[in-house]
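Undergrad: This is what each chain is made of:
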Amino acid sequence: MGARRESEPTPTKNRTTVERKSDRELVVTRTFNGPARIVFEAWTKPELFQQWWVPKSMGMFLRSCEMDVRAGGRYRLVFGHDASNPDEFFGRYIEVIPHSRLVWTNDEGGDGGPITTVTFEERGGKTLLVMSELYPSKEALDAAGTGAADMMRETFAQLDELLVILGASVGRS
Amino acid sequence: MVQYIRTGFNASFAALSDATRRGVLEQLGCADASITDLAEKFHMTLTGMRKHVGVLEQAGLVTTEKVGRVRTCKLGLRRLEEEAAWIERYRQLWDARFDELDKVVEELKRKEKGDGRKKRE
Chain A
1 MGARRESEPT PTKNRTTVER KSDRELVVTR TFNGPARIVF EAWTKPELFQ
51 QWWVPKSMGM FLRSCEMDVR AGGRYRLVFG HDASNPDEFF GRYIEVIPHS
101 RLVWTNDEGG DGGPITTVTF EERGGKTLLV MSELYPSKEA LDAAGTGAAD
151 MMRETFAQLD ELLVILGASV GRS
Chain B
1 MVQYIRTGFN ASFAALSDAT RRGVLEQLGC ADASITDLAE KFHMTLTGMR
51 KHVGVLEQAG LVTTEKVGRV RTCKLGLRRL EEEAAWIERY RQLWDARFDE
101 LDKVVEELKR KEKGDGRKKR E
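So the sequence lines, in the order shown, correspond to chains A and B. Take the first sequence: its letter number 130 is residue 130 in our numbering, and every next letter is one higher. Take the second sequence: its letter number 43 is residue 43 in our numbering, and every next letter is one higher.
Please keep in mind that the hints were generated in silico from the structure rather than gathered at the bench. Worth double-checking, as some hints may not be accurate.
Derived lysine to any residue pairs resembling SDA-like cross-links, with alpha carbons at most 20 Å apart [stated by the list, open to error]:
id, chain 1, residue 1, chain 2, residue 2
1, B, Lys113, B, Glu88
2, A, Lys13, B, Arg22
3, A, Lys56, A, Thr16
4, A, Lys45, B, Asp99
5, B, Lys111, A, Ser64
6, A, Lys45, A, Ser64
7, B, Lys103, B, Lys41
8, A, Lys21, B, Gln92
9, A, Lys138, B, Glu88
10, A, Lys45, B, Glu106
11, A, Lys56, A, Asp87
12, B, Lys51, B, Lys111
13, A, Lys56, B, Gly114
14, A, Lys56, B, Arg91
15, A, Lys13, B, Arg50
16, A, Lys126, B, Thr63
17, B, Lys74, B, Arg21
18, B, Lys41, B, Leu75
19, B, Lys103, B, Gly54
20, A, Lys13, A, Glu25
21, B, Lys103, A, Asp87
22, A, Lys21, B, Glu88
23, A, Lys13, B, Lys74
24, A, Lys45, B, Glu107
25, A, Lys126, A, Ser22
26, A, Lys138, A, Gln51
27, A, Lys126, B, Lys74
28, B, Lys103, A, Lys138
29, B, Lys109, A, Pro35
30, A, Lys45, A, Ala71
31, A, Lys126, B, Leu75
32, B, Lys51, B, Ile87
33, B, Lys109, A, Lys138
34, B, Lys113, B, Arg97
35, B, Lys41, B, Thr63
My request is simple: use the sequences and hints to build the entire structure.
TA: This is the structure we're talking about:
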């Protein structure tokens, strides 16, 4: 393949980090180039939330999004191209402090679901966002992770099969 | 929220129903290629091809490496082990979300500036 030139912009972007803080806690951090009130707004207004929560590159499809952002209010997100086989995420807001803190439950998985806490800290016009997911036990977090790892193994096995089929079709043509 | 990884995988499979992306995989099965090569081969714009390659990259089917100004795509199954694998996957999900959130924040900042100007007038 020739080394043709390709112009691609290389924007400087803020880094997303994930750390397993303890046996039962995952923490995601990211800085945004805007004040906390704006970042908070994007997390709490459904019409804005939908614009980023389902990144285009992931190919996910959000069927519906209901958010009643106040302490005790509920939310429900329904994903999936196939209406008969939807993926649902739902829970309840426990704490809502404008421009600084959001806490909600994740109830789709039953009792083992984590509590999500998002804090917004403004520094010189930028906002440091810290999102923590605290599971009820080490076992619950391990189970979520192992479930995801199993899913990945299964996916890769299926992809292997697909590649064999694709390889065979290349061979024929 | 780790549950979202499952949703992401379902989506990756849905992504493979696309004929161009399957074609790109076949192509890369024969030889590595730059995004420019692939765009020409499939009669697409660079932007369009970049999107397809992005989806395949998210699915862990393709890896890309940028040397100088050329981004080379290879067939590559990412197989990180166990915890490292799902945490990386989880990070990618949030990274993709936050890239989109950057755009929303920029848009809101622009609107706020516009409103400020109107009020002063």
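Undergrad: Look at each hint and say if it fits the structure.
TA: Going through the hints against the structure:
Taking the CA atoms of Lys113(B) and Glu88(B), the gap is near 37 Å; set against the 20 Å cutoff, the hint is violated. The hinted pair formed by Lys13(A) and Arg22(B) fails the criterion: a straight-line CA distance of about 30 Å is larger than 20 Å. For the hint linking Lys56(A) to Thr16(A), the alpha-carbon distance of about 18 Å falls within 20 Å, and the restraint holds. For the hint linking Lys45(A) to Asp99(B), the alpha-carbon distance of about 18 Å falls within 20 Å, and the restraint holds.
Distance hint between Lys111(B) and Ser64(A) is unfulfilled; the C-alpha atoms sit about 26 Å from each other, more than 20 Å. Distance check on the hinted pair: Lys45(A) and Ser64(A) sit about 14 Å apart at the alpha-carbon level, within 20 Å; holds. Restraint check: the Cα-Cα separation between Lys103(B) and Lys41(B) comes to about 31 Å, which exceeds 20 Å; the hinted pair is violated. With a CA separation close to 18 Å, the supplied pair Lys21(A) and Gln92(B) stays within the 20 Å bound.
Of the supplied pair hints, the one linking Lys138(A) and Glu88(B) holds, its CA atoms being roughly 19 Å apart against a limit of 20 Å. Simply put, Lys45(A) and Glu106(B) have alpha-carbon atoms about 16 Å apart, close enough for the 20 Å limit, and the pair holds. A hinted pair counts as satisfied when its Cα atoms are at most 20 Å apart, and Lys56(A) with Asp87(A) qualifies at roughly 17 Å. For the given pair, Lys51(B) sits about 28 Å from Lys111(B) by alpha-carbon distance, which is inconsistent with the 20 Å threshold.
Using a Cα cut-off of 20 Å, the hinted pair Lys56(A) and Gly114(B) is violated, with the two alpha carbons roughly 27 Å apart. Distance hint between Lys56(A) and Arg91(B) is fulfilled; the C-alpha atoms sit about 16 Å from each other, no more than 20 Å. Simply put, Lys13(A) and Arg50(B) have alpha-carbon atoms about 18 Å apart, close enough for the 20 Å limit, and the pair holds. Restraint check for Lys126(A) and Thr63(B): the C-alpha separation of about 32 Å exceeds 20 Å, so the hint is violated.
Between the alpha carbons of Lys74(B) and Arg21(B) the distance comes to roughly 13 Å, so the proposed pair stays at or under 20 Å and holds. Only pairs whose Cα atoms come within 20 Å are accepted, and Lys41(B) paired with Leu75(B) is accepted, the gap being roughly 17 Å. The straight-line distance between the Cα atoms of Lys103(B) and Gly54(B) is roughly 18 Å, inside the 20 Å bound, and the hint therefore holds. A distance of roughly 26 Å separates the Cα atoms of Lys13(A) and Glu25(A); the hinted pair therefore is violated under the 20 Å criterion.
The suggested pairing of Lys103(B) with Asp87(A) is violated, with an alpha-carbon distance near 26 Å, which exceeds 20 Å. A C-alpha spacing of about 15 Å is found between Lys21(A) and Glu88(B), which places the hinted pair at or below 20 Å, so the restraint holds. In summary, the hint linking Lys13(A) to Lys74(B) is not supported, as the alpha carbons are separated by about 25 Å, beyond the 20 Å threshold. Annotation: proposed proximity of Lys45(A) to Glu107(B) holds, straight-line Cα distance about 14 Å (limit 20 Å).
Simply put, Lys126(A) and Ser22(A) have alpha-carbon atoms about 28 Å apart, too far for the 20 Å limit, and the pair is violated. At most 20 Å may separate the alpha-carbon atoms for a hinted pair to count; Lys138(A) and Gln51(A) exceed this at roughly 33 Å. Under the criterion of a C-alpha separation no larger than 20 Å, the hint pairing Lys126(A) with Lys74(B) is inconsistent with the structure, at around 37 Å. This hinted pair does not check out: Lys103(B) and Lys138(A) have alpha carbons roughly 36 Å apart, beyond 20 Å.
A threshold of 20 Å between alpha carbons decides the hint, and for Lys109(B) with Pro35(A) the separation of about 9 Å falls inside it, so the pair holds. Note on Lys45(A) and Ala71(A): the hinted pairing holds, with a Cα-Cα distance of about 15 Å set against a maximum of 20 Å. About 39 Å separates the Cα atoms of Lys126(A) and Leu75(B), which puts this hinted pair outside 20 Å; it is violated. The straight-line distance between the Cα atoms of Lys51(B) and Ile87(B) is roughly 24 Å, outside the 20 Å bound, and the hint therefore fails.
At most 20 Å may separate the alpha-carbon atoms for a hinted pair to count; Lys109(B) and Lys138(A) exceed this at roughly 40 Å. At roughly 25 Å between alpha-carbon atoms, Lys113(B) and Arg97(B) are farther apart than 20 Å, so this suggested pair is violated. At most 20 Å may separate the alpha-carbon atoms for a hinted pair to count; Lys41(B) and Thr63(B) meet this at roughly 19 Å.
Checked against the numbered hints given earlier, this structure breaks hints 1, 2, 5, 7, 12, 13, 16, 20, 21, 23, 25, 26, 27, 28, 31, 32, 33 and 34; the rest are met.
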